[in-house]
Amino acid sequence: MSFVLGTLVACVQAAPASERILGAEGEPSATPPPPVVPTPSGPAGLPASAPAADASAAPVTGGPSSAVPVGPRGALPALAQGWSSLTVTRGPAGPGPDVSVAVYTPAHASGAWVLLLHGWNQHARDWAERTHVSTLAESQGWTLVAPDLGKSVYESRGYPGMGSTVPGLGWTRDVLVPWTVTTLGCSDAPERRAVVGVSTGGRGAALLGEAGLFGAVAAFSGTYDLAALAPSTGEYRIHAVVFGERAAHPETWRREDVTGRSPPTTRWWLAHGGKDAYVPQAQTRTQAARLAAAGAPVVTWLDADAGHDWPIWDAWLGRVGAGLIPGTVP
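Just so you know, the sequence shown maps onto residues 531 to 860 in the numbering used here.
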């Protein structure tokens, strides 16, 4: 096994198609699984002798003793192939703990990279444990960057007196994206980077996409129309913790909402399940209609029997495949 900056680099193992992760949007917080000793990995980052998924594995563990600041590429030793865990400073996000970021490094990096945004009350490690995204990244030479943002709703700024203490979209945009370019040496060109988000992370992905920071956006089961959320729902409540009650803070809710606007060159994939118990499928229907009206290229999948869980998000990401950032095979 290899250690990078005091970080265990382990293999990637995905959950079986029938399994759901706890701690999904609107669910109670899950207790993190205990770390396990990794098995030797094959060339694609999967166990050499066990192609079957193992949801108990914890391939992203540990972390360095101090935060990694934004700085030149030479400030960070070369990362070994596979997943590693780094700690990135909060920077202008204000007081609080620094942020753990899971990074997947392919054997032959092309400079292209994908930002992965999890949902509310989920974890960066879910991308390693519950999806096959690293296999796709390995085949295409993509670096993967997955911040661990806990109960973020990807707010653009902090709101004093409200209940959120984790960095949100503002930190992701102003600290993590530049850090990925300057410290990891990844591309600064929008057409060479993409963002994928699930659940509330889909909202974050949409906001970054309409800002023109990424050339491709894949957003699954996301919340894009805050005004349509009923106050009796859990989805409304997790946003009210950060923004305050909508009736008392209408300007905040309007300012933080997804607009549906998009640069004409940004490509979009949206997907949502008809049996989603947390976020209504109408949220994606609204976003798809807005993007189409704006002239943005958008592909939309509305799967009647799909729910709100990692197996379906993994399947949708597999549908997007290498088209997320074409032309990067090393």
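Wrong hints could be hidden among the right ones.
[As the list claims (entries may be wrong)] Quick list of in silico lysine to aspartate or glutamate cross-link-like pairs, DMTMM-like style, CA-CA up to 20 Å:
(1) K805 x E775
(2) K681 x D755
(3) K805 x D844
(4) K805 x D833
(5) K681 x D628
(6) K681 x E775
(7) K681 x D718
(8) K681 x D787
Hints in this document: simulated from the structure, not taken from any laboratory.
Going through the hints against the structure:
1. K805 x E775: Not OK: K805 and E775 at ~27 Å, beyond 20 Å, violated.
2. K681 x D755: It holds: about 19 Å lies between the C-alpha atoms, which stays within 20 Å.
3. K805 x D844: 17 Å, holds
4. K805 x D833: 9 Å, holds
5. K681 x D628: Between K681 and D628 the Cα gap is close to 15 Å, so the pair holds against 20 Å.
6. K681 x E775: 17 Å, holds
7. K681 x D718: Measuring from Cα to Cα gives roughly 28 Å; hence the hint is violated.
8. K681 x D787: Status holds; Cα separation ~17 Å.
Of the numbered hints listed earlier, those contradicted by the structure are 1 and 7.
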